[in-house]
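J.: Residue numbers (my numbering), protein chains in the order written: chain L, 1 to 287; chain D, 1001 to 1422; chain Z, 2001 to 2271.
Mixed in with the good hints there might be a few duds.
[Said to hold, decoys possible] A partial selection of chain L residues facing chain Z, derived with a Cβ cut-off under 7 Å: (1) Phe17; (2) Pro20; (3) Pro42; (4) Gly44; (5) Gly45; (6) Asp143; (7) Ser192; (8) Ile196; (9) Leu200; (10) Phe217.
[Said to hold, decoys possible] No more than 25 Å apart at the CA atoms, straight line, and that leaves these computed lysine-lysine pairs for DSS-like: (11) D:Lys1180 <-> D:Lys1310; (12) D:Lys1416 <-> D:Lys1236; (13) D:Lys1134 <-> D:Lys1180; (14) D:Lys1310 <-> D:Lys1134; (15) Z:Lys2002 <-> L:Lys188; (16) Z:Lys2002 <-> D:Lys1310.
[As the list claims (entries may be wrong)] From the derived model, a few chain D residues whose C-beta atoms are all more than 10 Å from chain Z: (17) Arg1128; (18) Arg1241; (19) Ala1392.
These are calculated hints, taken from the structure and not from any lab test. We put the beta carbon where it would ideally sit given N, CA and C, even for glycine.
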Amino acid sequence: MNVLLALPALLLIALVFGWPMARYTWLSFHADSVLTGLVPIPNGGANWVRLLSDARFWQDSLQTARFAVMSVSLELLLALAIALLLDQRWRGRGAVRALTLLPWALPTTMMALGWRWIFNTPYGPLEQLAAALGLPSLNLLADPNFAWMATVAADVWKTTPFITLILLAGLQTIPADLYEAFRLEGGKPWQSLRSITLPLLTPYILLSLLFRLAQAFGVFDLIQILTGGGPASSTESLALYAYLNAMRFLDFGYSATVMLGGFLMLTVIIVLAAIALRSIGVLRPVK
Amino acid sequence: MTIGRRLLIMVLTVLMVLGFGVGWSRGQAVEDVRILMPAPFVDATASLVERFNVDHQDRIHLSITRGPLETESISDLAISSLLLGDPPFDSLLMDVTWLPKYAEAGWLEPLDRWFDSGDEDALIKGARLGNSYKDHLYRWPLVADVGMLYWRTDLMEEPPTTPDQLIEISERLQADGSAKYGFVWQGRQYEGLSCDFLEIISGYGGHWLNSVTGQPELDSAAANQAAQWMESLLAKGISPRAVTNFAESETLQAFKSGDAALMRNWPYAFAELQKDDSSVRGKVGITTMVAEPGQQPRATLGSWGLSLLKGSPHQDATVEAIRFLTSESAQRERFMERGYTPTQQSLFTDPALTTRSPVLPDIGKALDVAIERPPTPLYAQLSDVLQRRLSAVLTGEQPVQPAMDEAQASSEVILKSAGGSG
Amino acid sequence: MKQRQLWIVLLLAWSLAPMVWQLISSFSTNDALIATPMAFQERWTLQNYRELWQSNPPFWLYLINSSIVASVSTLLTLLLALPGAYGIARLPKLWRQNSRLFITAAALFPYVLLFLALLELARTFQLGNNLIALALPYSALSMPLALLLLSAAFEGLPQDLEDAACLEGMGLLQRLRWILIPLISPATASTGILVFLFAWNEYPVALTWISDAKMLTLPVAMARIAGTSVYSIPYGAYAAATVLGSIPLLVLVLIFQRQIVSGLTNGAVKG
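All chains should be modelled from the sequences, with the hints used to inform the complete structure.
T.: Here is the structure:
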């Protein structure tokens, strides 16, 4: 009976997440593009051959990885600091927590537009600030070398609250007497961070790391609105490239291949990260 | 109640029913025609649309859907509607490079029924290009657009006509200090770079895509020479290094401020150069891009045109609207008020128009040698590959030959994987 | 402690400054946004908001569309997830653990990758341009999170309670309806609000499933408004749209703060 209740939900998930992957695998061995009248025709491994030699795919992979690693690590650091601040007892803590949560709750598209305005040249506040300080124009969104930093900044702003909450939940599971005992043994407050807080927080850090890495690897909304992938595709992510292949180039077969390629890469990264984290094992709880 | 009164009531009733019916059927007869256009064109056609609706009151109501400003975004919007089916437009204002993709996808209704060869002969040569795909007419041009070489009449007697001359003149002017840079153009990794390259490779007698075999020829001698020449402009300092990040507006800015002797740009730039804040006002001539001796100089075709979407329930009405918006008087008005280049042959020598812009005949000459970017449904991907490799050459990341070989190989792979090798 | 106050101020500035900037921009004239400093009285205007209200279709329509989609998605998700979560919570241990692993993997999955398959579904089954139909993928996509949160809540209930109800002769549906579901209502509220937020904010699926301007949800409408101005600086109007679009969320977050936090953190602790 319980199985019967659980089954529909599990099947639905299997269908919604599994079927597309099966479909993409099948599509990736077909030409399904405007040239075939959007009807799949087997083309052997031509899509995969193309993927391997596609400079844009590899550039986007690197850019996606750069985006994911940079934004997630910055978010973790910031979130840790903020969580430590919010974990202390002070008046108005609840209100501040609610306010810091706001960026996370707003639609990405909306705030991506906001950030486009903030980075606008020459009228955005950043440019005006630079001008007021006598600095040269940043022109961040037009520079292929720096535009990605704008995407990272916007993502950090938006997603840090999410990690903060998870870490905060972790901090609140650490019993206060541990710190007390540490202090009695003569440990300095900042040492307790390394010896108690971080080790006990590790599962939460890993969890948010895993979750955010996967989400950041699929970044789409933010980049589509903030930069459109430009300039010169310098901020284009794999998801955006897959989207363009389908919706702009009308090449569904190759779009599916790009998505599978990206997905495989993500899986490999997560597995490698898991192995690496396990093998380092520096973070162990103190007795 | 008398017979007379009954009769009167009956007659009145009949009249009312009739009147109602007539009013109703007239209401039915008004066909709603909707055209999707990029935002700037919406403003440029607003007064024409108003006039059309007055003229066709009770029959056709034309409304323009305001699409995104950026060229690619409007195509994205149109495609997502078309993919879902039942698009909320009857007609779409299309860039020249989209047509093969839309036609091949089966989204366009051929216009052959409504336009004959007489209509086509009235167009200037360049405007006749890029409207047909596989022997069917799918698009009627609204405005013409073509790549041109701008030159400073105060610095040189005659504009250069060959690549060597361009270098020679530039070096001379730079040496005597009359110009900071010789030649500015669109070197950023984006569509403009492909447009510039098409003119140069044609000037060397080469082809980007062979129109007979449908295969790319980017590893040909001409392609290598073209890329080599563009790279040498940077190496010799004729073009500033910053050109690798120049799109149209940066190019225009450099030329407008008097920093450069020559510029590659579209016709819109001429009006900009005549404004008060321009340092080169009245000192600018325009011609076609340089070509090797014996080769035909070529000008990359831009241009927007109106197409009819398949499945539109108002085909005749839509074509009527297309005809109106592209009529000679509409073109005249758009040119006089907004400076949009006309498409009708006769207008290029019309005194009223040439007084307004003395370079109009020169634009006409460039349109006579206009060349299309490869008319393939896969154009966007092919152009991206080319832009990437050219940009690598221009920024010194990759030598010319391997870059062009790679561009060739990638283009072949794209054609093959999408099923277009045959 | 002076230092802490400084940090709190910095934190709030970082979190709120971009939103405050939007708020200021939304009430500023376009001249004020681009020109050198203006007289204080001259820079303020309601024009941006008026434009939004008079635009075609009017902006409030998008708010209504998003509300419809988000409400239907939330209801549908809870309707499917509550029995499912109960079933999972009562599975034998090994099964339960494997199910959880599977669901967690789905929750981690960057769902944007599903857009192409979903688009094919929309085309095949004519689901495009239909707000109710859009709730189907939304429910499916939020199912993993909902199952994780709700099954954890069901597992937290003491087994004796259910046994007692069984002894009284209550059937499964009755037990769920009268005893179990009321007891996990805090978790249900958390789940509901998170699903609502997801559906309200979702972009890629809405982008491919909706093309009719009258059916757009807020995020897609915002993106579309952004592209369609000929002015290089239409940011006053964007900002006004951002502010209007944010108000419902601000209200939601401030009211349901506790539920959101407990939902996210429970997901973290137990997921």
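J.: Go through the numbered hints given earlier and state which of them the structure violates, listing their numbers in rising order.
T.: 3, 4, 5, 6, 7, 8, 9, 11, 12, 13, 16
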